[in-house]
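Please work from the sequences and hints to get the whole structure.
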Amino acid sequence: MTVNATFIGQMIVFALLLWFFYAFVVPPIAQAITDRQKKIAEGLAAAERGQKDLDEAKSRADSVVREARERANQILDQATRRSNEMVDSAKQSASVEGDRVLANARAEAANETARARDSLRREIGSLAVAGASRLLEREIDAKAHAQLLDKLAEEIARG
Amino acid sequence: MASAHGAEHGTTPTDYIVHHLTHLKVGEGFWTWHVDTLLMSASLAILVGWVFWAAARRANAGVPGKFIGFIELVYDFVDGQVADIYHGDRRFMVALALSLFTWIIAMNTMDLLPLDLPGGIASLLGAQFWRVLPTADLNGTIAMALVVLLLIIFAAIRAKGVGGYLHEWVSAPFGGHPLLWVPNIILNAVELLSKPVSLGMRLFGNMFAGELLFMLIALLGFMVVDATFGSAAGFIGQILLGTAWAIFHILIVVLQAYIFMVLPVVYISMAEDHH
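Protein chains in written order, with the working numbering: chain A, 1 to 159; chain B, 1 to 275.
FYI, nobody ran anything at the bench for these hints, they're computed from the structure. Cβ atoms here follow ideal geometry from the backbone N, Cα and C, with glycine treated the same way. One or more hints might be untrue.
Calculated pairs, DMTMM-like style, for lysine to aspartate or glutamate (alpha carbon to alpha carbon, straight line, at most 20 angstroms) [stated by the list, open to error]:
1. 160/B <-> 273/B
2. 52/A <-> 42/A
3. 58/A <-> 70/A
4. 58/A <-> 48/A
5. 52/A <-> 62/A
6. 39/A <-> 76/B
7. 151/A <-> 123/A
8. 38/A <-> 76/B
9. 160/B <-> 89/B
10. 195/B <-> 168/B
11. 66/B <-> 35/A
12. 160/B <-> 272/B
13. 39/A <-> 72/B
14. 195/B <-> 272/B
15. 38/A <-> 72/B
Under 10 angstroms between C-beta atoms, here's a sample of chain A residues computed to sit facing chain B [claimed, not checked]:
16. 4
17. 7
18. 11
19. 14
20. 32
21. 36
22. 37
In structure tokens:
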């Protein structure tokens, strides 16, 4: 229980232990903990950055998909419109062609009629002359009565 | 807790306790050395230093293993305690607190060894006495407290300069009037010296009392050896009480180390403050 020289030795032991801790124990542990804190902070920051990048990429992908969908709809609309137009124009040209063919046929028929009437008129004229000459029993001078005959033929043709 | 070993050296309980409270000594008068205290504390200092050094050498920023994790847990606890009290560069304070905390825990834990085991081993090696608990030796606790006292004075001088420190001795707390110098000096001396004394005496008193109680509990068991009346009850009582006290003593072991860790940091922090 008495205080004696032992405490000198104890002071030296404690001083050495204190120096040892100060020089060799505390700095590496403090360094390691600080480094790890920095590393964890960096990791958290990186994770946050990654999350943000992911969100951005997602929204970018969304907008790309939306754009593509819009573009596809546009193309579809265009195609529908174009096909409608094509059908319409085909219909139109077909009816125009039909009208033309019809008009041609009508003109042809009219021509045929006129030609038939013409030749009929001519035949009727000569028949009328032949009939008249037989009635008169004499020959009609074609030259002398040409004017009359022509008039007749015209009347026939007109009638 | 006890064995027949103690009975070999003394026939009465008093002899047993006196034997257990006697140091293995070398030298005479003041120049007496307690070999057991010195050897135990030095080897425990080496053990604590080696364990922490082994952890510190392998500590890195990667994922820590269980051992490193435990050491870092202790470090973090001490560092947090110091950071609460001491503001500024606290590397030295952490070293001081960590070495005090771990070393005192290691020394106090010797109290939990079976009471007669260290003495028994020592007697086999030829030593007549062996007190295993360096913190139940006033020399051990006072030595640490004196180192703390030197650090307090050093910190105060470093913070205020020699002139400022001496000026504080004569002028605080009552004032700078020459008539007040003597009361100031007396009060400052009391304040300064009370710190190491209270530090050293508190740890010593707690550990000495704990050790003494273990001895008294152990004495219960000697009734078995002596085959006197009530011996079986004494034996059971020794085991029950010894276990209970050992469990309770774990608290004292850690608590006293904690107190001895925190107070020096408080004292040094106060010493650096300007009055």
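For which of the previously enumerated hints does the structure constitute a violation, in increasing order of number? none
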